[in-house]
Structures are given as structure tokens and as C-alpha cells.
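Participant: Heads up: the protein sequence lines correspond to chains A and B, in order.
Just so you know, we're using my numbering here: the first sequence kicks off at 7 and counts up by one.
Just so you know, we're using my numbering here: the second sequence kicks off at 947 and counts up by one.
Do not rely on the hints blindly, as some may be mistaken.
Once the Cα atoms are required to be at most 30 Å apart in a straight line, the calculated DSS-like pairs of lysine-lysine come out as [what the hints assert, rightly or not]:
#	chain 1	residue 1	chain 2	residue 2
1	A	LYS222	B	LYS995
2	B	LYS995	B	LYS1018
3	A	LYS217	B	LYS1018
4	B	LYS995	A	LYS135
5	A	LYS222	A	LYS155
Short, incomplete list of chain B residues facing chain A, as computed with Cβ under 8 Å [to be verified]:
#	residue
6	SER955
7	ILE958
8	ASP963
9	SER966
10	THR968
11	PRO969
12	SER970
13	ASP973
14	GLY984
15	ASP1000
16	LEU1004
17	PHE1013
18	LYS1018
Everything labelled a hint here was simulated from the structure, so no lab data went into it.
Where is the CB? At the ideal position from N, CA and C, for every residue including glycine.
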Amino acid sequence: MPEEIAGYASRMQLWQAIGLQPPADVNARDPRGKFVPLARLDDPDVVLDRAVDLAAISTAYGADRETTNSLEVSLQEIMNNCFAHAEIGAELQGLACAQSWPRGHLAQIAIADHGVGIRRSLSANPDLKARLDAGNACELATQLGVTSKPNMGHAGYGLALTRQLLAANGGTLLVQSGTEWFITNGITAREGSSLCLWPGTLIVLEWNCRKPLRVKDVYQSWPPVTGYSDDDFEFPL
Amino acid sequence: MIAQMLSESEGIEVDFDGHSLTPSFADEFIGGIAASLGLAEFRRRVRLKNIPDDSVPLVRHVLGRGFSRSGK
Chain A
7 MPEEIAGYAS RMQLWQAIGL QPPADVNARD PRGKFVPLAR LDDPDVVLDR
57 AVDLAAISTA YGADRETTNS LEVSLQEIMN NCFAHAEIGA ELQGLACAQS
107 WPRGHLAQIA IADHGVGIRR SLSANPDLKA RLDAGNACEL ATQLGVTSKP
157 NMGHAGYGLA LTRQLLAANG GTLLVQSGTE WFITNGITAR EGSSLCLWPG
207 TLIVLEWNCR KPLRVKDVYQ SWPPVTGYSD DDFEFPL
Chain B
947 MIAQMLSESE GIEVDFDGHS LTPSFADEFI GGIAASLGLA EFRRRVRLKN
997 IPDDSVPLVR HVLGRGFSRS GK
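The whole structure should be built from the sequences, with the hints applied where relevant.
Facilitator: What follows is the structure, given as C-alpha cells:
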């Protein structure tokens, strides 16, 4: 690993997260809310706690409760995918971390697993074959309703929610899986194949700290279900 | 567990205590009950309490999907 990256990796506790001794001693720096070191995803029961810890990066710069909440919801969806779809037999399912740049008004959260990857996972749904043959699997995975396991408790919400959440904020979503990648900021989108292989799935959320994140607005933008009117839902919730 | 409660009780009340829901959980849990009962029975037998404001449109969405799946 290049020296200029090794120091940062040590500070983010990369080696400890994967159960190894760090190659160099780096003085532990107080995160002061500016970063969250790499955390292991090795048990579905830790997903909520991990989501709360990562989303706390937003409270450090003064985000409102709705923004933090929206992040927590999005992160739970993504991290649960590591357990539900990555098909990893090992104890360590994935890693996640967060970083903010206060002067740049940006924050990022990265979640990575070393599972089977999006294309192979979505291939389990025969209804997606034509779309997979024609296009980029990472972009497809961010579309509402796309899932490898329809009618099995998975409705394809997670990445679609995240994509729309960030788009409304002016943020950016990056998805890489295998050699395929997809990146969008809600206005422009690019996709392609990389020479750099990620054997699993890597998702990076980047958002503008000066603007809110609102899951409620995303939900309200989803197509209404036909055959029912608002009156049908006007009972006490 | 919910299915058992529905089979044993005429009505059930689910209190979310103000906790936000993830779409996947809402779809599987609330949408699942809706799909099982259909609109009329759901209105008659199920009460959802303390759903936070940011989750209300999500609940409407998954209820609609559930009722659609039920065909009732």
C-alpha cells in the first residue's frame, strides 16, 4: 500500500478491522466527529448500531434530526444487503466507515462487502435477465423495485432510496461491483467497466452538509399504487 | 408471531413507539399483514400507532402494495 495512504488507513483502523496488526504505529487521533473508523459488519444484529454510529457523522456538523434519521434508514437498508444478498460464508461480511470535510461541507460513508457481487446476485431473478444483458448491473440495482429475491421479503428499496435521497441533496452515489461501476449526482449519471476489480460490492454515499436529507420526500415521490385512493388510507396510523 | 396473534385475536395494535421504519421492514411486516388481510379486514382489525411523521408516506405505500397483492 502506498505510504501516503497507509497512514490514513491506519488512522481508520483498517488492519484492526480485518483482524491484523497494523504495519506502523499511528497516534490515534480523536475523531472529533469528523470520521468514524472502519467498523466490522459481522452480525445482522449490529446493523442498527452501525447505522447509528455512521450517521452520527452528520450530527457533528449540526444536521437536523431528520437528516440523521434519513441516513440511518438508508444505511440499514444497504448494510442489510450485505447479509441478505452478498452470500458470504465467512464471519466478516463487510466493512463501513465515514469521513467528513467540514470546510468543504461534504461527508461520505463507504460500505463494502466481498460477496458475490450485484450482477451475480441479480441474476437469481430471471425477470431481470434481459435488463442485465443489456445494461450495467450497478445502475440497475439502484432502480426502484429491482431485487434478486422478489416475493421473498425483498422489494428492491434500499439502493433506490439511497440514490433518490442523495439526488435531492445534490449529493453523489457511487456503486462498484466486480468491474462494473455506476456514479450519479441526480443530474448526471455515468457507468462503465473498470480495470480495477472489486470482488464484492462497494457503495459510497457523499452528500452536501449544507442541505438536508429527507426520506419522507423520497417516499412521497414513489408512484402511487393504483386501485386505491387516499381515502382508503385515512384510518388511524 | 403476528399471524398467530391475528388468528387468536379479533384485533391487534402495533405500537412503533416513534421509531423510523426501513422500507424493507415496512414492506415485509406491514405490507405482509395488509396482503394477508386485505383492505377491509385490515381497517377493521389492525391499528398502527406512533408511526413517526417521516415514515407515514412509506406506510401508505407498503399498505397499498400489500392490499394490491391481497386482491381483496
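Participant: State for each hint whether it applies.
Facilitator: Here is how each hint holds up against the structure:
1. A:LYS222 with B:LYS995: 18 Å, holds
2. B:LYS995 with B:LYS1018: 23 Å, holds
3. A:LYS217 with B:LYS1018: Answer violated: LYS217 (chain A) to LYS1018 (chain B) is near 42 Å, above 30 Å.
4. B:LYS995 with A:LYS135: Measuring from Cα to Cα gives roughly 41 Å; hence the hint is violated.
5. A:LYS222 with A:LYS155: 25 Å, holds
6. SER955: Check failed: Cβ of SER955 (chain B) comes no nearer than 18 Å to chain A, outside 8 Å.
7. ILE958: This hint is violated: ILE958 (chain B) lies away from chain A, its Cβ roughly 13 Å from the closest one there, beyond 8 Å.
8. ASP963: At 13 Å from the nearest chain A Cβ, ASP963 (chain B) fails the 8 Å test, so the hint is violated.
9. SER966: 5 Å, holds
10. THR968: 5 Å, holds
11. PRO969: At about 4 Å, which falls below the 8 Å cut-off, the nearest Cβ of chain A leaves the hint on PRO969 (chain B) intact, so it holds.
12. SER970: 6 Å, holds
13. ASP973: Hint holds; ASP973 (chain B) Cβ to chain A Cβ min 5 Å, cut 8 Å.
14. GLY984: GLY984 (chain B) check fails; min Cβ-Cβ to chain A is 11 Å, beyond 8 Å.
15. ASP1000: It holds, given that the least Cβ distance between ASP1000 (chain B) and chain A is near 4 Å, below 8 Å.
16. LEU1004: With a closest approach of 4 Å, the LEU1004 (chain B) hint holds.
17. PHE1013: At about 6 Å, which falls below the 8 Å cut-off, the nearest Cβ of chain A leaves the hint on PHE1013 (chain B) intact, so it holds.
18. LYS1018: Violated, about 11 Å.
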